[in-house]
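Residues 2 to 412, numbered by the working numbering, are exactly what the sequence shown covers, in order.
Everything labelled a hint here was simulated from the structure, so no lab data went into it. From a predicted model like this one, the values you see are computed outputs, not experimental measurements. For glycine and all other residues, C-beta sits at the position ideal for the given N, C-alpha and C. Heads up, a few of these hints could be off.
Cβ pair distances, simulated, as ranges [what the hints assert, rightly or not]:
{"id": "1", "residue 1": "Ala243", "residue 2": "Arg97", "range": "41 to 47 Å"}
{"id": "2", "residue 1": "Leu114", "residue 2": "Glu302", "range": "36 to 42 Å"}
{"id": "3", "residue 1": "Asp322", "residue 2": "Arg152", "range": "49 to 55 Å"}
{"id": "4", "residue 1": "Thr360", "residue 2": "Ser311", "range": "28 to 34 Å"}
{"id": "5", "residue 1": "Ser320", "residue 2": "Gly256", "range": "43 to 49 Å"}
{"id": "6", "residue 1": "Gly330", "residue 2": "Gln246", "range": "24 to 30 Å"}
{"id": "7", "residue 1": "Arg97", "residue 2": "Lys259", "range": "32 to 38 Å"}
{"id": "8", "residue 1": "Arg334", "residue 2": "Gln156", "range": "50 to 56 Å"}
{"id": "9", "residue 1": "Pro102", "residue 2": "Arg152", "range": "35 to 41 Å"}
{"id": "10", "residue 1": "Asp20", "residue 2": "Gly88", "range": "54 to 60 Å"}
No more than 20 Å apart at the CA atoms, straight line, and that leaves these computed lysine to any residue pairs for SDA-like [as the list claims (entries may be wrong)]:
{"id": "11", "residue 1": "Lys336", "residue 2": "Ala323"}
{"id": "12", "residue 1": "Lys259", "residue 2": "Gly88"}
{"id": "13", "residue 1": "Lys259", "residue 2": "Glu287"}
{"id": "14", "residue 1": "Lys259", "residue 2": "Gly249"}
{"id": "15", "residue 1": "Lys259", "residue 2": "Tyr239"}
{"id": "16", "residue 1": "Lys259", "residue 2": "Asp238"}
{"id": "17", "residue 1": "Lys259", "residue 2": "Leu148"}
{"id": "18", "residue 1": "Lys259", "residue 2": "Arg294"}
{"id": "19", "residue 1": "Lys66", "residue 2": "Gln110"}
{"id": "20", "residue 1": "Lys358", "residue 2": "Arg380"}
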Amino acid sequence: MPRPVPLPVRQAIWNRFRDGQDVLTIAEGLGVPPRTVRRLFSRFRSARQDPLAPSYDRCGTATPKPTEPLVHAVLELRREHPTWGAGLIRVMLRRRLPGEPLPATRTLQRWLLRADLAPAPPGRRPSSVSRRAARPHEVWQMDAAELVPLRTGRQVCWLRIVDECSGAVLWTEVFPPSPLEPSAARVDSDPTSLGFHPLGPARATSGRQRDAVGRGAGRSSHRPGAVWLAGLAVGLDYNPPATPQDNGVVERSQGTAKRWGEPHTCDTLEDLRQRLEMMDEIQRGEYPSVRGRSRQEAYPELAHSGRDFSPGWEESHWSLDAVAGYLTGYAGRRKVGVSGAISVYNRDLYIGVIHEKETVYLSYNPLSNEWVVADDEGRQLSRQTASEICRERIMTLTVTCKQPNKRTGDK
């Protein structure tokens, strides 16, 4: 709080007040802010016996000094976990000291600043603001972190699903880095392995889809998981390559996972899985994010998406017609290899050696269940049965895409 106006200055203002001078004239003549003169005028007009004496009794309660053990605990937590912010440190203190009054997050930030333990300034914000989901579970953002080193030098990966509206982490799965084999079929129907339990599938609709082919992600629309999700009427919104800002909520969450989870301090994959699970619960249910409330408090709808997921629900709701409608909306660009073929899922479609190295477009005809290959002028070069598009293969995720042959150049 600033010092009170000196008594001689108050006396001069009082004299001018009785002479009838206005606020601006007095402020300019004495070199004080007009706001100070107005406040003193208000006091002069009140019924106080001594309008010139400072009101020390109205200065409010003095700010209590923080206890040294509390300050020491805050600084030690930052030194032990340099990637933790003041908000997470306050959550951890609340766990250590249940029932004890704790200072605000801003106070902890000041303590860290005075101890030269403040974090780096935030980066530059994006120049444009993209459209964001308006309610929980309308859109989920998904992203993977790859080859994250542990303390032992071992590398792990994880897949993360975040609600776009609230920013709450819904699911994180940690797994060792290994090539995805074409034969790695879905051997069970456990919804927990898909990130759907207990939240259920997202409520995103196909209206949020983007043209993946035109943005350089043509193969993504024909991935086995994408086709299976299309049969459940779960819309997919593909991001252009190398544009993490279009998936900013989960990208920021990946940084939070690395700072809070501290994978470099974990010895095993299971240690990191348990650490991330605990931190996800804190991020979702304890960390003050929305006007001092946690995300779960601010968005009660996070508890469930409103759609139960189970093997029985999947069996009755999955639709091959929905898959056909989904594939019809794409025209995948392919380059014919030197053998005259293009690859679709786990087999080659022979077009003809005469079309070697030409760019062709692959589309799906739902009426005849055929792949249609045409050139850029729309001339059909080949029509072949789409044996991959059947309920059995899509439901078991055995529809896989063959890896490019580096020797022949087939794509």
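Hints versus structure:
As the Cβ distance of Ala243 to Arg97 is approximately 43 Å, the hint placing it in 41 to 47 Å holds. A hinted range of 36 to 42 Å for the beta carbons of Leu114 and Glu302 is consistent with their spacing of about 37 Å. The hint said 49 to 55 Å for the Cβ distance between Asp322 and Arg152, and at roughly 51 Å that hint holds. Our hint of 28 to 34 Å for Thr360 and Ser311 is violated, since their Cβ atoms are close to 44 Å apart.
At about 38 Å, the CB distance of Ser320 to Gly256 disagrees with the hint of 43 to 49 Å. Checked against the hint of 24 to 30 Å, the C-beta distance between Gly330 and Gln246 comes to roughly 25 Å, which is consistent with it. For Arg97 paired with Lys259, a C-beta distance near 23 Å fails the hint of 32 to 38 Å. For Arg334 and Gln156, the hinted distance range of 50 to 56 Å is not satisfied, since their beta carbons lie about 34 Å from each other.
At about 36 Å, the CB distance of Pro102 to Arg152 agrees with the hint of 35 to 41 Å. Our hint of 54 to 60 Å for Asp20 and Gly88 holds, since their Cβ atoms are close to 55 Å apart. Proximity of Lys336 to Ala323 is assessed by CA-CA distance (about 28 Å); at most 20 Å being required, the pair is judged violated. At most 20 Å may separate the alpha-carbon atoms for a hinted pair to count; Lys259 and Gly88 meet this at roughly 16 Å.
Of the pairs offered as hints, the one joining Lys259 and Glu287 holds, with about 18 Å between alpha carbons and a cut-off of 20 Å not exceeded. In summary, the hint linking Lys259 to Gly249 is supported, as the alpha carbons are separated by about 16 Å, within the 20 Å threshold. For a cut-off of 20 Å, the pair hint linking Lys259 to Tyr239 is broken: about 24 Å separates their Cα positions. For the hint pairing Lys259 with Asp238, the CA-to-CA distance comes to about 25 Å; that exceeds 20 Å, so the pair is violated.
Proposed proximity of Lys259 and Leu148 is supported: the alpha carbons are some 12 Å apart, at most 20 Å. A hinted pair counts as satisfied when its Cα atoms are at most 20 Å apart, and Lys259 with Arg294 does not qualify at roughly 23 Å. Between Lys66 and Gln110 the CA atoms are separated by roughly 16 Å; this keeps the pair inside 20 Å, and the hint holds. Simply put, Lys358 and Arg380 have alpha-carbon atoms about 17 Å apart, close enough for the 20 Å limit, and the pair holds.
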